[in-house]
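Colleague: Construct all of the structure, not just a fragment, from the sequences and the given hints.
Chains as they are written, first to last, in this note's numbering: chain A, 1 to 652; chain B, 1 to 197.
Read the hints as simulated data drawn from the structure, not as lab findings.
Calculated pairs, DSS-like style, for lysine-lysine (alpha carbon to alpha carbon, straight line, at most 27 Å): (1) B:Lys55 with A:Lys53; (2) A:Lys53 with B:Lys185; (3) A:Lys53 with A:Lys614; (4) B:Lys185 with A:Lys187.
Sample of chain A residues facing chain B (criterion: CB under 8 Å; computed from the structure): (5) Glu49; (6) Asp68; (7) Arg391; (8) Asp423; (9) Thr424.
Heads up, the beta-carbon is just placed ideally off N, CA and C, and yes, glycines get one too.
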Amino acid sequence: MGCASRTQGKPATDSSKACTAGLVAAALLVCGTLRAQPSEQDLSKLSLEDLGKIVVTSVAKSPEPLSDAPAAVYVITHDLIMRSGATSLPDMLRLAPNLEVFQTGPSDYVITARGFSGNSAAQNFPDKLLVLIDGRSVYSPIFSGMYWDSQYVPPEDIERIEVISGPGGALWGANAVNGVINIITRKSSDTQGGLLEIGTGNALSDVLLQYGGRLGENAYYRVYARDFHQRSFEDSTGADAHDGWSNPQAGFRIDWQRGADAITLQGDGHSGNIGQPDASDLRIAESDLQASWQRQLQDGANFQVRTYYDDVRRWNDISGGGFSLHTFDLEAQHDFALGDLQHVTWGIGDRVYRYDITPRIGTANSLLWNPTSDIQNLANAFVQDQVSLGRRTTVTLGLKAEHDPYSGLSLMPSIRFAWKASDTALLWAAASRAFRAPTAFDESVIEEVGSEVFLTGNPDFRREQLTSLEAGFRNHWSDRARLSVSLYYNNYDDLKSIEFSPTVLPLLWGNGMEGHTYGVEAWGSYAIADWWRLSAGVAVLRQHLRFAPGSSGLLGVAQAGDDPEHQGFLRSTMNLSDRWTFFADLREVGALPDPHVPAYVELNAKLGWQVNDKVEVSLSGFNLLHAWHQEYVFPGSDRIGRSVFLDTRLRY
Amino acid sequence: MTATFHFMNRTANRMRGVRLCLAVCLLALACVAFAQSAESDIPLEYAVKATYLYKLAPFIDWPPGAFASVDAPFPICVVGDDPFDGFLAHAVTGRTFGTHPFVVRRLDALTGDSDCRIAYIGRLHSQTIAQALAAVQGKPVLTVTDSDILADNGSIMQFVIEGGRVRFDVDNAAAARNHLSISSKLLNLAAVVKNNG
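Modeller: This is the structure we're talking about:
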């Protein structure tokens, strides 16, 4: 809206009056230009295929697909992403009540589910999440954590993000310990035509150009290119943190379908610079290429093969430190009905990756690796059997076997019950095992202080283990109200700790921590009117960790995570008219205990105006309540300031 | 220090102005929206679903005997709550499936005697979804459940909302039980094809 900027340089009261008058006029204008709804004649002329392309979303209906999955799944829909104004994946993930998201700088986030956010001073990182983009695993196998600065998908192209809190090991394998983030992009047939998006604000300038078209009878494509610059934040003292960044990216997707066969080819590449407070820029680059083939077989069975290649580099031109990672992955999956009562899904996969690490050698401290380069292999096979016990009850048995380069074979079983208490209510319960496999960072790192070896990786480091019990309930009433509640009790063994070697120094990574966590995640929504939906979500977490007998206890149990005991949001989604939308999201995050970070409350909002079929203008505000707030441990993280963003989207 | 304080004060003043303005914005727009929602038609989502219902007929292989005579009507039943509010009945007026004119029937529940070729099942009050489906099992009735009903309920087709669009899942085994076979074109358009039984 222009009104916010018009107040500048004028006394507030005058400008408010001027603004009010302007707005009433604008509102009347909107009133007069309402689009008529498509009539039955319009619709009757459409083919079945075209009927499936009409966007019907209204805020009162189905904000997320009705899922009968027996797990804590929150779906961030395309509609929610577009309404929220989020431009980066981490900002979209803030929309999920079952994730913890802490921003520490313009490009840097700490994201986890159900605790274990880590502690960077203790070199403990959030390493228990699996993140997939169209099935491509994007967490780093060098330390099992995420480089969130390197993953971008244009919001326009995201179909949905499934956020599963809790273990997904039996289906997804290692690292799906505390959660799975499954990002699914839209088919290129759903993103046809051109889009030019130009946005600017006090923190971010962003431009995206995309075009989607047809390739002959059976195929569609899209190509996009994006560039942006995000300005530097203030560090914990209020000084310029010199950590602004940019990361131009381009990509494509081609979908071909004929009969029962569908083939998708997609790829992206980016190359960026991230400013560093006391050093030269960090350089990041990645390119990926993926192909998948899906065939529908007789009787509802499906067969799918997917392969991808991914090339990741991070380095610093001056210090020379950095790494490269090349990944090749091949997997196949088949699902079919077995008799009348069972549905079986099984698959195999293999991932080969090579890492090359350039050590960072300094006078004060150095980060070395032995070996600095290795080719590793991660193989897996899984089977899942969904058995119907009558109309209402389903039992799902799953088992994944995975062979990782350090700890060998591991078996991750799970059993899940789902009971449809009524046509709209689902009760579920699950018991599962999951592991975080050892990485090069656990086994091969050598850290020197001066010329003294201070800490080394430990070839005897074992996988971290989780046994999880979960239960949940989902229901919806009169299609206006819905609620989902999930409870969990997680028991952890062999968590990472720091131990003394027989000669005291160097220190070693060990598996000396254990304990349990439990908590509740609940979310729901209620449509007050056809044009107005209110949503709320809350997550409550208790962590009880301890050191096993014989462990050094160094740095305390707080190194595993600095997590709030509670967080929640209240959200309002409005269709003010069929051209105006308003979105507001008030979130609260409890205090982080150790090191202490104060609790905060912040507000994001977006006002969107569909000027006509071709032009859309929106004004977003992020963290509006305070000039700045703190999300993570000081120093080492930035002040997170208020920001506004004016965005224009042109379709051609 | 003084300069910082002065700056913050100015910012605070400005923000008050912005807030006031935003509040006025919202109020004005909310009024407009409210006035307008009162006169709205059935939601577009249900208009699309209704259109699907009468456009599905040619993509189903109806068994011999599904129609009593050459000019017998093609009944589309709306079972339970009727979200279409006359839209469907109006849309099919004058339309036929071959020689069979479409008619729309409103039913509170499905029974073995219900004369339906397509039965759209929304929210039911006098029976469960399972009872409704069981009542027409083995009869040439295409059962279609709304997207508000939990998936895998045993119906032949179910509407689903995917990416803000109305699509549908198909259960081949359920179709076979009602002696219907579904054309490959329709199966290709389905979001999910299952064989759950």
